[in-house]
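J.: What follows is the residue order along each chain.
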Amino acid sequence: MEQVLNLLTEHFYFIFLLILMIILGFEVISRVPAVLHTPLMSGANAIHGVVIIGAIIVMGQAESDNYLALILGFIAVILGTLNVVGGFVVTDRMLEMFKKRKKN
Amino acid sequence: MNSGLLSLSYLIGSVSFIIGLKMLSHPDTARKGNLYAAVGMTLAILATIFLYTKDGVGLGNHLWIFGGLIIGSIVGTMAAKKVQMTAMPQMVSLFNGMGGACAAIISIVEFKHLLHTGADITSEPVLTTTILIGLVIGTVSFTGSMIAFGKLNGNINDKTLPLQQVVNIGLLVLILIMLVGMVTGLISADAMTMMYILLTISALYGILFVMPIGGADMPVVISLLNSFTGVAAAFGGFLYDNSVMLTGGILVGSAGTVLTVLMCNAMNRSLTNVIVGSFGGNKQAGGSSESGGTYKEISITDTAVLMMYSKKVIIVPGYGLAVAQAQHTCHELEKVLDQNGVEVKYAIHPVAGRMPGHMNVLLAEADVSYDKLLDMDEINPEFAHTDVVLVLGANDVVNPAAKTDPASPIYGMPILDVEDAAHVIVNKRSMKPGYAGIENGLFFQPKTSMLFGDAKDALNKLVAEIKSMA
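Residue numbers (the numbering used here), protein chains in the order written: chain Y, 624 to 727; chain V, 724 to 1193.
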């Protein structure tokens, strides 16, 4: 019990943020027209590409003779960028079409 | 100063994700929301590269980082721009898998790093747990997404191994045992070897998790894997004490879960049901074996006449329309009929196509006016006073067995009541059952006529025929 409480104190900021974000995520999405399910999924998909920041940190901290970290980090950066850029562009393409029909 | 700027960038980034996601859930603001989130992401990435410091040391290897960013951006943009609208679901799945792989790689490098610092992994239980869970979830998300991609792309068929569920649960238990064993030190084998074994089992689990799930349930799976990757990203955030990764990851993890549940609700199925996969995976006969019944065919000319002299036509688009790339031709048919005074509407089932909203996106691409697309609840009462319903490559969403046959695997799923209309014309390539693998009694009803052929081809001929008559 004490260990758990210690853990809570130690990481309070993150646990706090974690719970708030879970609730926020539920609230933000709970009322969405079915039309937007696909673009929304795609947009959310792009947002979790934020994992790229971890890849950048790995890459940036790798010593120049640590080839394994460099190569893995490099691949991770490419994959993360694919997730982010591809995700946002695909979402935009989907939504662009919704805009077109509004002019009609 | 620098760390203040970094914090500010992360704050703006996090807020942009929240606002972006909120705006994405409304049709009028969706596109702007996506842009806001993208701007916030760019800011957070640039701030990390130039402002991030650990123990007073900034990030190096800028050349490598920018190299990766540029390659990823070019390939990502080209792939996203070139992809056909019909292939959108698999594209989302593919990008999702990339994110999962990225999270897994980060965990591998950090795990090596942790061992390298000479630390005994059991003395850092929180850190080790964070890294390993990130590894497991990222890997499952990666392999699972790749299988989902392959399935939607038609490269991989549904396969169920004997005792599939037992094997899956066994793997999951094994993963948990290994996690606990490694963190507590109960398993004293070489940590690096253990990590690779964990990686392999996770990869295998991802594959076997998605493998038996039928194509009809794929959107739910992609949405679920999407939230998995979100959680993996959040673990990365925890690992680096990085607030923007944590907010972005958790936000997607939780929003993705809601979206998954919303999709399940639209199909009137529970999530467990989807995962255990009784839908397309086990091709059971499904109670009503009305196969062998008689159906009647209709010619293009007869279809054209029937439609021309109707007052009201409702088109029910399905995946067959998407596969045939027939959305433009479909819009053309609508225009020709409209010019001849026939009222045309589209009935959109929540799970028509391979993803909720898939048909809307597709028809919007062909410039079909938004107010002609009606949701299931809106259109169902209208079928009773409709002359002709044209079912284009849809099957399970119009299967009356969902209402009448409790033994059918799709029993309870809300469907479009097309049989209430005076005539039903079904365009299909053959009499083969739909994605759920269930026979459709609608095709054998007296008021139903079958118009065989590729959707685009048939529609083209139909448009030409109607034009020549007008």
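Any given hint might turn out to be false.
Keeping only pairs whose Cα atoms sit at most 20 Å apart, straight-line, the calculated EDC-like set for lysine to aspartate or glutamate is [said to hold, decoys possible]:
hint : chain 1 : residue 1 : chain 2 : residue 2
1    : V       : LYS1068   : V       : GLU1105
2    : V       : LYS805    : Y       : ASP688
3    : V       : LYS745    : Y       : GLU686
4    : V       : LYS745    : Y       : GLU719
5    : V       : LYS804    : Y       : GLU719
6    : V       : LYS777    : Y       : ASP715
Chain V is faced by these chain Y residues, among others (derived, beta-carbon under 7 Å) [unchecked claim]:
hint : residue
7    : ASN629
8    : PHE637
9    : VAL651
10   : THR661
11   : LEU663
12   : GLY677
13   : ALA678
14   : ILE679
15   : VAL681
16   : MET682
17   : GLY683
18   : ILE701
19   : GLY703
20   : VAL707
21   : GLY709
22   : MET717
Bear in mind the hints are in silico, worked out from the structure with no lab data behind them. Just so we're clear, the structure is a prediction, and the values are computed from it rather than from any experiment. Just so it is clear, CB atoms sit at the ideal spot from N, CA and C, and this is done for glycine as well.
J.: Which hint numbers doesn't this structure obey?
T.: 2, 3, 6 and 7
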